[in-house]
Amino acid sequence: MATEILMPALSPTMEEGTLAKWLVKEGDTVSSGDILAEIETDKATMEFEAVDEGIVGKILVPDGTEGVSVNTPIAVMIEEGESADHIQVSAAPAAAAAEAPAAAPAPVATAPAAPKASVSVEPDYPDGTEMVPTTVREALRDAMAEEMRRDDTVFLMGEEVAEYQGAYKISQGLLDEFGAKRVIDTPITEHGFTGIAVGASWGGLRPIVEFMTWNFAMQGIDQIINSAAKTLYMSGGQMGSPIVFRGPNGAAARVGAQHSQDYAAWYASVPGLYVVQPYSAADAKGLLKQAIRDPNPVVFLENEMIYGKSFDVPKMDDFTIPFGKARIWREGEDVTIVSWGIGMSYSLQAADELAKEGISAEVIDLRTLRPLDIATVIRSVQKTNRCVTVEEGWPVASMSDHIGSEIMREAFDYLDAPVLACTGKDVPMPYAANLEKLALTSTKEVIDAVKAVTYR
Amino acid sequence: MAAKRATRKSNVSKEELLKFYREMLLIRRFEEKAGQLYGMGLIGGFCHLYIGQEAVVVGLEANTEEGDKRVTTYRDHGHMLACGMDPKGVMAELTGRSDGYSRGKGGSMHMFSKDANFYGGHGIVGANVPLGAGLALSDKYKGNDRVTFTYFGDGAANQGQVYEAYNMAEIWELPVIFVIENNGYAMGTSVKRATKSPSLWQRGAAYGIEGEEVDGMDVLAVKEAGARAIEFCRSGKGPYILEVKTYRYRGHSMSDPAKYRTREEVQKMREERDAIEQVRKRLLEGDATEDQLKAIDKEIKEIVNEAAEYAKESPEPDLSELWTDIYVDADASQNA
Ligand SMILES: Cc1ncc(C[n+]2csc(CCOP(=O)(O)OP(=O)(O)O)c2C)c(N)n1
Ligand SMILES: [Mg+2]
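For the protein sequence lines, the chains are A and B, in the order given.
Start counting the first sequence at 1; every next residue gets the next number (my numbering).
Start counting the second sequence at 1001; every next residue gets the next number (my numbering).
It is possible that some hints are incorrect.
[What the hints assert, rightly or not] With a cut-off of at most 16 Å between alpha-carbon atoms, the simulated EDC-like pairs for lysine to aspartate or glutamate come out as follows:
id	chain 1	residue 1	chain 2	residue 2
1	B	LYS1259	A	GLU82
2	A	LYS58	A	GLU40
3	A	LYS383	A	ASP426
4	A	LYS383	A	GLU333
5	A	LYS444	A	ASP416
6	B	LYS1114	B	ASP1139
7	B	LYS1312	B	ASP1099
8	B	LYS1259	A	GLU331
9	B	LYS1259	A	GLU40
10	B	LYS1298	A	ASP52
11	A	LYS181	A	ASP222
12	A	LYS383	A	GLU331
13	A	LYS437	B	ASP1318
14	A	LYS21	A	GLU40
15	B	LYS1192	A	GLU80
16	B	LYS1192	A	GLU163
17	A	LYS25	A	GLU38
18	B	LYS1196	A	ASP185
19	A	LYS425	B	ASP1139
20	B	LYS1301	A	ASP334
21	A	LYS425	B	ASP1325
22	A	LYS437	B	GLU1321
If you're looking for bench data, these hints aren't it; they were derived computationally from the structure.
Bound-form chain A, shown alone:
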């Protein structure tokens, strides 16, 4: 009986991949465990194994085909004595994708990128700067590489950052360029290596600590807060901790409660820390470079779901973005949407949809949560008189609560409606696909909240 082999899903976030190379040809007999093909995802090139034994009857998707969706038939296996002649090469979806590889991951944020910066906020780079499409993943790597070239006290440490090239491939190529002295693989010992890194920062180095995800930083959070954040104060200003703690934060895709927490509000509550949570690749780059140069401990919260997204990044020799400066992505009159990090993707999509219905939303990306550019938010609310905040974290004691209370204090008389918050639900993250979707905030929730505050 002929059975189809389907393009496999090889990671939690994979939707399509490149069929890099077939390692078998038609007519080959394979047994369970044999490598059939190499498949490239945005994270890695992986070998794809046969599950059952059989004969490769027909290869439906040729070598080098890009953009093959998960579950597309890529080959047909037959049994001994069976013929493959009748099998049609009809894998239309894959073939179509092959012809149009440009249809690759939609650069979600590019649509509203046109309205550059508003009058109220200075641009991050001079007008007319050449822009290069770059993924967030590349931008983070470039930022580290540039700073490591510039300052030889900067080094990177963490689990799987060197030989494995990063669990999420952020440190790809760094070991080759900088060697094992400056790109250091640690054992799985977050409490220990966080402490070692803080100690090294006191000794005059500038460590970048990669947490495989921020969930695991809870093993070392004592060192981040009690040692890194408080020592300058306790030493009467003698001893600061120039250190960056970075890694993916928040939900990925169905990795469950212990791997899906957003720590923005936790760390933003700690005096002595700076907290950065970028959305675009340009911000990721400019802010990470700033973080590495800053003499204070910086918590840098990334997001796995946007590592592969492409954005325009200015081509400049030295591009940094100061902390505490929000970015206005889109100017509007009727409502202010305040977000940061992945919340921006919901916010920008919602603003697009709302525009079609004649509601003009101003969308502000805070970019850094501590220091917080509340002035930009207040100015905007004074204009729009309404505000919706969007974040992935839990609602209780959230950043949204804090922003809402600042607005109430600073712009109470300007408000025409209560400030509403779209947040993650007040539950641990469920695994089931339908529940996870419900637990996260969404574009629709943002649209509904905007309609509520604009009384539409």
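For this one, chain A is given, so just place chain B with the ligands on it according to the hints.
This is chain B with the ligands only, laid out in the frame that chain A set:
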């Protein structure tokens, strides 16, 4: 301190060998099926397969008694099957459906069964080690002679909380068996790159804990070492460490490019040391027939296929489930 012991495998019955064969095969076929369902997008998130390590849990579960407890890591499917949990319920949890052990809310890494005394499935490396010692404390406190197995990896063995747990387990003589499943790698980091200590079990000596190293590809050796460990703990002598040398054939999780070891290394293990193959050979050298084993293979295949069908057909959890199980209802629990 117990030394490495030679194993006697002479007096094992055919029935027992057949039981081991069936149990290990169930895990392997179950895991292969899980891998397929992952590839089809029916299982999401992280999914860590146990293929290659089957002899560890099967051998250790061979001597357990009612009331003994176990707690492990995210690489937990085999442990659940070996302690008698229903493959259907495990698979349905992997697909995130309402008939899963955690009703779809936990997933591959976070699954529990109080009935089976299976205390999870934990996603944070190292965290389950003190948890196991705590379960053992509860038994000691109650004055029974039950023991707890707490399983963890070679990578986890470097986490600090493991040693804090060792120390307390020994000073309080807790009936906990620390099982280090040393499969040679923590994700892409080989044991040799993560530690310079020549053996992991010997670290227990620093805390006064006895232990031994075991060949984890030999289910009979595992069973015998397990018997010694259980005897030691049950008789009130405190904790015991088993460092079980094993090997995982598949990637760390589904998305592992596996550039840190050669295909030859994996192939060699599979061909020369495979735990299931060893038992199979032994059975055939005795008076088992190919047909007998084929019948078992077929039976297992059916169980696994049924589990997969069940897991596909079980409905997604009701949306109201998002809001349940966050707190225990105090009134309800008082009446229970
Ligand atoms: C505290 C913590 N740090 C990092 C991780 C990411 N992680 C998951 S499994 C793993 C490797 C663990 O290896 P090992 O303990 O040898 O167990 P194995 O996977 O081999 O069974 C890592 C680094 C995690 N889940 N928790
Ligand atoms: Mg391991």
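Verification of the hints:
1. B:LYS1259 to A:GLU82: violated, 36 Å
2. A:LYS58 to A:GLU40: violated, 21 Å
3. A:LYS383 to A:ASP426: violated, 32 Å
4. A:LYS383 to A:GLU333: holds, 7 Å
5. A:LYS444 to A:ASP416: Violated. LYS444 (chain A) to ASP416 (chain A) sits at ~22 Å, over the 16 Å cutoff.
6. B:LYS1114 to B:ASP1139: holds, 15 Å
7. B:LYS1312 to B:ASP1099: Satisfied, since the Cα-Cα distance of roughly 10 Å is no more than 16 Å.
8. B:LYS1259 to A:GLU331: violated, 48 Å
9. B:LYS1259 to A:GLU40: holds, 14 Å
10. B:LYS1298 to A:ASP52: Since the Cα atoms of LYS1298 (chain B) and ASP52 (chain A) sit roughly 15 Å apart, the hinted pair holds (cutoff 16 Å).
11. A:LYS181 to A:ASP222: violated, 26 Å
12. A:LYS383 to A:GLU331: Holds - the C-alpha atoms of GLU331 (chain A) and LYS383 (chain A) are around 11 Å apart, at most 16 Å.
13. A:LYS437 to B:ASP1318: holds, 13 Å
14. A:LYS21 to A:GLU40: Satisfied, since the Cα-Cα distance of roughly 9 Å is no more than 16 Å.
15. B:LYS1192 to A:GLU80: violated, 45 Å
16. B:LYS1192 to A:GLU163: holds, 14 Å
17. A:LYS25 to A:GLU38: holds, 13 Å
18. B:LYS1196 to A:ASP185: holds, 14 Å
19. A:LYS425 to B:ASP1139: violated, 37 Å
20. B:LYS1301 to A:ASP334: violated, 62 Å
21. A:LYS425 to B:ASP1325: holds, 14 Å
22. A:LYS437 to B:GLU1321: Distance ~13 Å between LYS437 (chain A) and GLU1321 (chain B) Cα, so the pair holds.
Going down the numbered hints, you'll see the structure goes against 1, 2, 3, 5, 8, 11, 15, 19 and 20, while the others check out.
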